[in-house]
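Engineer: One line per chain: the protein sequences are D and L, in this order. Numbering-wise, the first sequence is residues 18 to 129 according to this note's numbering. Numbering-wise, the second sequence is residues 2 to 116 according to this note's numbering.
Do not take every clue at face value.
Straight-line distance between alpha carbons at most 25 Å, and here's what the computed PhoX-like set of lysine-lysine pairs gives [stated by the list, open to error]:
#, chain 1, residue 1, chain 2, residue 2
1, L, Lys72, L, Lys56
2, D, Lys85, D, Lys116
3, D, Lys66, L, Lys4
4, L, Lys58, D, Lys116
5, L, Lys4, D, Lys116
6, L, Lys54, D, Lys75
7, L, Lys72, D, Lys116
8, L, Lys19, L, Lys71
9, L, Lys54, D, Lys116
10, L, Lys56, D, Lys116
11, D, Lys116, L, Lys14
Facing chain D, according to a computed beta carbon distance under 7 Å, are these residues of chain L, among others [said to hold, decoys possible]:
#, residue
12, Val13
13, Gly43
14, Ser50
15, Gly102
16, Phe107
17, Gly108
Since the hints were derived computationally from the structure, they do not count as laboratory data. Just so it is clear, the structure is predicted and the values come from calculations on it, not from any experiment. Just so it is clear, CB atoms sit at the ideal spot from N, CA and C, and this is done for glycine as well.
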Amino acid sequence: AQSVTQLGSHVSVSEGALVLLRCNYSSSVPPYLFWYVQYPNQGLQLLLKYTTGATLVKGINGFEAEFKKSETSFHLTKPSAHMSDAAEYFCAVSSRTYKYIFGTGTRLKVLA
Amino acid sequence: DVKVTQSSRYLVKRTGEKVFLECVQDMDHENMFWYRQDPGLGLRLIYFSYDVKMKEKGDIPEGYSVSREKKERFSLILESASTNQTSMYLCASDASGSRGGNGYTFGSGTRLTVV
Numbered sequence: 018a019q020s021v022t023q024l025g026s027h028v029s030v031s032e033g034a035l036v037l038l039r040c041n042y043s044s045s046v047p048p049y050l051f052w053y054v055q056y057p058n059q060g061l062q063l064l065l066k067y068t069t070g071a072t073l074v075k076g077i078n079g080f081e082a083e084f085k086k087s088e089t090s091f092h093l094t095k096p097s098a099h100m101s102d103a104a105e106y107f108c109a110v111s112s113r114t115y116k117y118i119f120g121t122g123t124r125l126k127v128l129a
Numbered sequence: 002d003v004k005v006t007q008s009s010r011y012l013v014k015r016t017g018e019k020v021f022l023e024c025v026q027d028m029d030h031e032n033m034f035w036y037r038q039d040p041g042l043g044l045r046l047i048y049f050s051y052d053v054k055m056k057e058k059g060d061i062p063e064g065y066s067v068s069r070e071k072k073e074r075f076s077l078i079l080e081s082a083s084t085n086q087t088s089m090y091l092c093a094s095d096a097s098g099s100r101g102g103n104g105y106t107f108g109s110g111t112r113l114t115v116v
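Please construct the entire structure, taking both the sequences and the accompanying hints into account.
Structural biologist: Right, here's the structure in full:
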């Protein structure tokens, strides 16, 4: 069975500070991993994904994530937060099927 | 870019009404999905379809049904709306076939309120 845990339902950072959103997963096979962003009253937009190959994945808006098999983690980072990054972020896992399991989300607040 | 269009952004319906939520995608994707999103619970899969006229139950299908008569359109039906179905409903599509990996494309969502 597959599952996703996002640590911290709310995260606050100062503008210009490092953003770190945590995601741990479980999967019985090598997983596909995704991060999505959701702005208020909108759908989810794909930020980045890991399927195979390089474990450090770069996405849109300056975000990146590293797949660490030994830690079963796929944490999302951005070196310098911007006010426009304030949104809710969802991690998702797929055990190489078209069914994804989503985490419960982390709401990022950026303080001026 | 693939576009997934949900017919309504906001809906208000009365308890007991039959409600139709429509979703259309324009890139010939095989797979389509309906999720509901509630605070603290994340996204929960209601139904999905991997081909025309094919459907499978997700994790919370009770009180819902779906229809996929054409590849581009996937409809969610609330047979008799109840207040506990007040939620944000998200449609998604995916071209990955059975192995996933491309990432879903989501619509903008329909916020349904049942009064």
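Engineer: Hint by hint, work out which the structure violates, then give me just those numbers in ascending order.
Structural biologist: When the structure is compared with the hints, numbers 6, 11, 12 and 14 turn out to be violated.
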